[in-house]
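> Based on these hints, arrange chains B and C on the given structure of chain A.
Residue numbers (the numbering used here), protein chains in the order written: chain A, 1 to 241; chain B, 242 to 537; chain C, 538 to 890.
Watch out, some of these pointers could steer you wrong.
Said to hold, decoys possible - Counterexamples of contact, computed for chain A against chain B with all Cβ distances above 12 angstroms: (1) Asn29; (2) Asn79; (3) His84; (4) Glu102; (5) Thr214; (6) Glu220.
Claimed, not checked - Computed cross-link-like contacts, BS3-like style, restricted to lysine-lysine with a CA-CA straight-line distance of at most 30 angstroms: (7) Lys218(A) x Lys339(B); (8) Lys339(B) x Lys159(A); (9) Lys434(B) x Lys67(A); (10) Lys159(A) x Lys408(B); (11) Lys188(A) x Lys4(A); (12) Lys67(A) x Lys93(A); (13) Lys93(A) x Lys434(B); (14) Lys339(B) x Lys113(A); (15) Lys407(B) x Lys128(A); (16) Lys128(A) x Lys408(B); (17) Lys339(B) x Lys93(A).
Don't read these hints as lab results, they were simulated from the structure.
Glycine residues also receive a C-beta, built at the ideal position from the N, C-alpha and C atoms.
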Amino acid sequence: MEKKLLSVENVNVFYGDAQAIWDVSFHVNQGAIVALIGANGAGKSTALNMISGFNPPATGRILYEGKSLNNLPPEEIVNRGISHVPEGRRLFKRLTVLENLELGAFNSTDSRKRMKQSLEEVFRLFPKLEDRINQPAGTLSGGEQQILAIGRAMMSQPKLLMLDEPSLGLAPQIVELMFDIITQLREKGITILLVEQNVYQTLRISDYAYVLQTGHLKMEGRGEELLADPDFQKTFLGMVY
Amino acid sequence: MVTISSLDVFIQVIINGTLYGCIYGLAAIGLSLIFGSMQIIFIAQGAMMVLASYFTYWFFTLTSIDPLLCFILLLPVFYALGAIIYRVCFKRVARAGKNPTLLLAFGIMVLFERAMALLWSPDTRSVTTDYTTMSLSLGNINISYIRLLVFVIGIAATIIVFLFLKKTMWGKAVRGSSEDPHAAALLGISPVKVATLTFAIGISLAGVAGVAVAMSYPFDPYFGFIFSLKALVAVAIGGMGSVGGAFIGGVLLGLFESLGSYLISSGWADAISYAIFLIVLIFFPEGLFGRSAKKV
Amino acid sequence: MSKQPFLSGKKGVLGVILLIIFLSALPIVLEAEESYFIYFLYISFIYITVAQGWNLVAGYAGQVSLGQHAFFGIGAYVTAMSWDAGLTGYLDPVAMFSSGAIAALLAVIIGLPLLGKLRDDYFALGTLGFAEILRVVFIQGKDITGGPIGIMLPSGRYAGMTPYYYISLGIAVLTLVCIWFLIRSRFGLGFVAIREDEQAAEANGIPLLRSKILAFSIGAFFTGLCGSLTAYYSFHIHPGGVFTLTWGLLPLLMTILGGIGTFWGPVIGAVLLAGVFELANMWMPELHTLISGLFIVLVTMFMPNGVVSLVKGGDGPPFLYRIGPFRSLFGQSNTGRVSDGAYENGAENTIQR
Numbered sequence: 001m002e003k004k005l006l007s008v009e010n011v012n013v014f015y016g017d018a019q020a021i022w023d024v025s026f027h028v029n030q031g032a033i034v035a036l037i038g039a040n041g042a043g044k045s046t047a048l049n050m051i052s053g054f055n056p057p058a059t060g061r062i063l064y065e066g067k068s069l070n071n072l073p074p075e076e077i078v079n080r081g082i083s084h085v086p087e088g089r090r091l092f093k094r095l096t097v098l099e100n101l102e103l104g105a106f107n108s109t110d111s112r113k114r115m116k117q118s119l120e121e122v123f124r125l126f127p128k129l130e131d132r133i134n135q136p137a138g139t140l141s142g143g144e145q146q147i148l149a150i151g152r153a154m155m156s157q158p159k160l161l162m163l164d165e166p167s168l169g170l171a172p173q174i175v176e177l178m179f180d181i182i183t184q185l186r187e188k189g190i191t192i193l194l195v196e197q198n199v200y201q202t203l204r205i206s207d208y209a210y211v212l213q214t215g216h217l218k219m220e221g222r223g224e225e226l227l228a229d230p231d232f233q234k235t236f237l238g239m240v241y
Numbered sequence: 242m243v244t245i246s247s248l249d250v251f252i253q254v255i256i257n258g259t260l261y262g263c264i265y266g267l268a269a270i271g272l273s274l275i276f277g278s279m280q281i282i283f284i285a286q287g288a289m290m291v292l293a294s295y296f297t298y299w300f301f302t303l304t305s306i307d308p309l310l311c312f313i314l315l316l317p318v319f320y321a322l323g324a325i326i327y328r329v330c331f332k333r334v335a336r337a338g339k340n341p342t343l344l345l346a347f348g349i350m351v352l353f354e355r356a357m358a359l360l361w362s363p364d365t366r367s368v369t370t371d372y373t374t375m376s377l378s379l380g381n382i383n384i385s386y387i388r389l390l391v392f393v394i395g396i397a398a399t400i401i402v403f404l405f406l407k408k409t410m411w412g413k414a415v416r417g418s419s420e421d422p423h424a425a426a427l428l429g430i431s432p433v434k435v436a437t438l439t440f441a442i443g444i445s446l447a448g449v450a451g452v453a454v455a456m457s458y459p460f461d462p463y464f465g466f467i468f469s470l471k472a473l474v475a476v477a478i479g480g481m482g483s484v485g486g487a488f489i490g491g492v493l494l495g496l497f498e499s500l501g502s503y504l505i506s507s508g509w510a511d512a513i514s515y516a517i518f519l520i521v522l523i524f525f526p527e528g529l530f531g532r533s534a535k536k537v
Numbered sequence: 538m539s540k541q542p543f544l545s546g547k548k549g550v551l552g553v554i555l556l557i558i559f560l561s562a563l564p565i566v567l568e569a570e571e572s573y574f575i576y577f578l579y580i581s582f583i584y585i586t587v588a589q590g591w592n593l594v595a596g597y598a599g600q601v602s603l604g605q606h607a608f609f610g611i612g613a614y615v616t617a618m619s620w621d622a623g624l625t626g627y628l629d630p631v632a633m634f635s636s637g638a639i640a641a642l643l644a645v646i647i648g649l650p651l652l653g654k655l656r657d658d659y660f661a662l663g664t665l666g667f668a669e670i671l672r673v674v675f676i677q678g679k680d681i682t683g684g685p686i687g688i689m690l691p692s693g694r695y696a697g698m699t700p701y702y703y704i705s706l707g708i709a710v711l712t713l714v715c716i717w718f719l720i721r722s723r724f725g726l727g728f729v730a731i732r733e734d735e736q737a738a739e740a741n742g743i744p745l746l747r748s749k750i751l752a753f754s755i756g757a758f759f760t761g762l763c764g765s766l767t768a769y770y771s772f773h774i775h776p777g778g779v780f781t782l783t784w785g786l787l788p789l790l791m792t793i794l795g796g797i798g799t800f801w802g803p804v805i806g807a808v809l810l811a812g813v814f815e816l817a818n819m820w821m822p823e824l825h826t827l828i829s830g831l832f833i834v835l836v837t838m839f840m841p842n843g844v845v846s847l848v849k850g851g852d853g854p855p856f857l858y859r860i861g862p863f864r865s866l867f868g869q870s871n872t873g874r875v876s877d878g879a880y881e882n883g884a885e886n887t888i889q890r
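If we strip away everything but chain A, and leave its shape as in the complex, we get (with noise of 0.2 angstroms):
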């Protein structure tokens, strides 16, 4: 029986007195990767910012290994580990790589004493930002950041990792690359919430998927059943027969 990591129920989320999320539901299994997908404004970056903890629901709730996370502050949640790679990575460009992954295990003393493990591990899995370890985060290029916000993400050693567009801005073989990478990382075990607006390539890998459209959960399914779907296919892949 696959275990329910995390929970969204019946959520409602503003910005100041503008309504974002309608009455969503969605919910992630353990070891597995969902996608939201939509549009742009469709609200699945306030999805994250709201599992994260710095927009909180006006009502419903949000449960994480049964326990609630709503009202918790962001630094709590990252403790609890769940790790959020936001849009556009917002890397401290001026901090070198190697302080960047450092501030990644930040949050816990736990995190800090396997501090060199985690090291060791990102850079098992990303080589390249080993050889970078003393450049400014700010001098690598789009492909390398990426890959160098999802290894700060990992260093607190997340339970559910959520990324936010990690292919925006991307060329097409980093993106390709960056999509490997993902089913790697669902391979080490670790739980993965996917926003996106690559909706093929996301679906290709995801478990299962949630279809955002202007704050409205419209559509869900496991990947291929979607990609199958003659009315998403129309919609979001603009295949017109």
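Chains B and C alone, transformed into the frame defined by chain A:
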């Protein structure tokens, strides 16, 4: 125009200026740290310094224990004071933007200044011990021991802060959070804790500077404001965001002032500082080491 | 922003006219020389003017100036020096206008390099530095400016409180009317556009430097006028009296207290603060300045949006408007927990500049 009558006098002027500048530098480091991480111009830094000067004065007057001890004693006191001021006052205002924080800093300055004037009268005070007037003599040049000590302390403080920022986890967290507080929060770095820490360090540095002032010059409750402004000038010269630069900026400022007073006249000393400030801001916005003050 | 601007429309205009008539009648009704209230109003009108002048450049155009005392002081000195030299007379409109004009000119001169090149907080510091330089210049001015002692004017010419009252009332009304129409003009829209997003404003063809200098110099003009009137009132102008930080920071204080970026904010703030200062001065003169300092701290801590936001129910200062968590304190929205906003500085920085 005064002609340079002898090399010795000139060198004395330079040395005096440099050493006086160390006090600006000490005040400036704290200011730079606070500004760099929180974008708050803590204009009350000078008032905090003067408070420390008063503590030193009363400590010595009431206990007759060597006031040098205050350099160490006041560090934790002012560290705590900084943390408290942040938590109580600035934390809630931080989200409202730069104007209210500037105003709040100003209000705190006024409050502290007036309180000190009421409590301890606006009369000038100074701390004199047997050694405050002693100095090292090299030929015709005198270097006051106290000022030499301040110089050493200033360098030490700069190095310590620098190492803290570069080598420790919290230091890196401060640097990261200054650049992108949201990203830092995503990693579990609480912006409130970072802010409290930088504020505490900043004010403790003001405390150290205050002890230095007490031992070097006469002071009064309103002395602090000019110091705050000079410290800002120092930060601008050194470059916004650079802690080492702030100290160097302070020393340079002291130097310029001293030279200016000597070559032109002492009444113009303040104006010279502000003129330097404007020139630096307009023509050299990066200062020596820092990030740009110009529009992006 | 669906509420009507306060006091607009026919009812509003009528109300304002009645208020002006009422205020004009006061010195006749009350014994102008003896009345403390008349003096209080006089001071308030001056405060209103300098506050609104600052609000124009800082609240509407978004350029925070910490050097308003430069313009106040210049205004005072031009008037004093010109009277002392026999060029103009007592309560001379030519002198007053010139004082304002010269202050405005100064604003243009200093504004060109500062506004052209500096980002917001550095501009603020630049204005502060400039004002301080000016102060030293006047202290060192020896025979030209009277040095630290300043200029003494013939106090025998004092013609009673009444003219001062009316002049200050006139200046305040003039300032408010000018600014009212200015912000509704295309210049005013330009200011707000610049404040909200400079790059977008520029991209839309708004001349950045010209607009900023316009706001800066208009504010300087009215501030200079006040300096001039104050010179006539005190009969003694010295650098320590006019180039003080008080005149530099009072406008800030009053405007932020009342509500920066709103029209009535500075007015409310000015009157309120004048009241606080005068009361504190009366009851506890020793503690007066201490209480003022405490007041500043408390207001900025608990009401950074200013009084106006309380009165208008959150429809307050536009650029503080989008700080969601604070508005929720007034029951405006349900964003849930008020987040520890310290790190919102980062986001806020990208929004504002």
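> Against this structure, judge whether each hint is valid.
Structure-based check of all given hints:
no. : hint                  : in the structure
1   : Asn29                 : holds, 24 angstroms
2   : Asn79                 : violated, 6 angstroms
3   : His84                 : violated, 5 angstroms
4   : Glu102                : violated, 6 angstroms
5   : Thr214                : holds, 25 angstroms
6   : Glu220                : holds, 27 angstroms
7   : Lys218(A) x Lys339(B) : violated, 42 angstroms
8   : Lys339(B) x Lys159(A) : violated, 38 angstroms
9   : Lys434(B) x Lys67(A)  : holds, 26 angstroms
10  : Lys159(A) x Lys408(B) : holds, 29 angstroms
11  : Lys188(A) x Lys4(A)   : holds, 18 angstroms
12  : Lys67(A) x Lys93(A)   : violated, 35 angstroms
13  : Lys93(A) x Lys434(B)  : holds, 22 angstroms
14  : Lys339(B) x Lys113(A) : violated, 38 angstroms
15  : Lys407(B) x Lys128(A) : holds, 24 angstroms
16  : Lys128(A) x Lys408(B) : holds, 24 angstroms
17  : Lys339(B) x Lys93(A)  : holds, 24 angstroms
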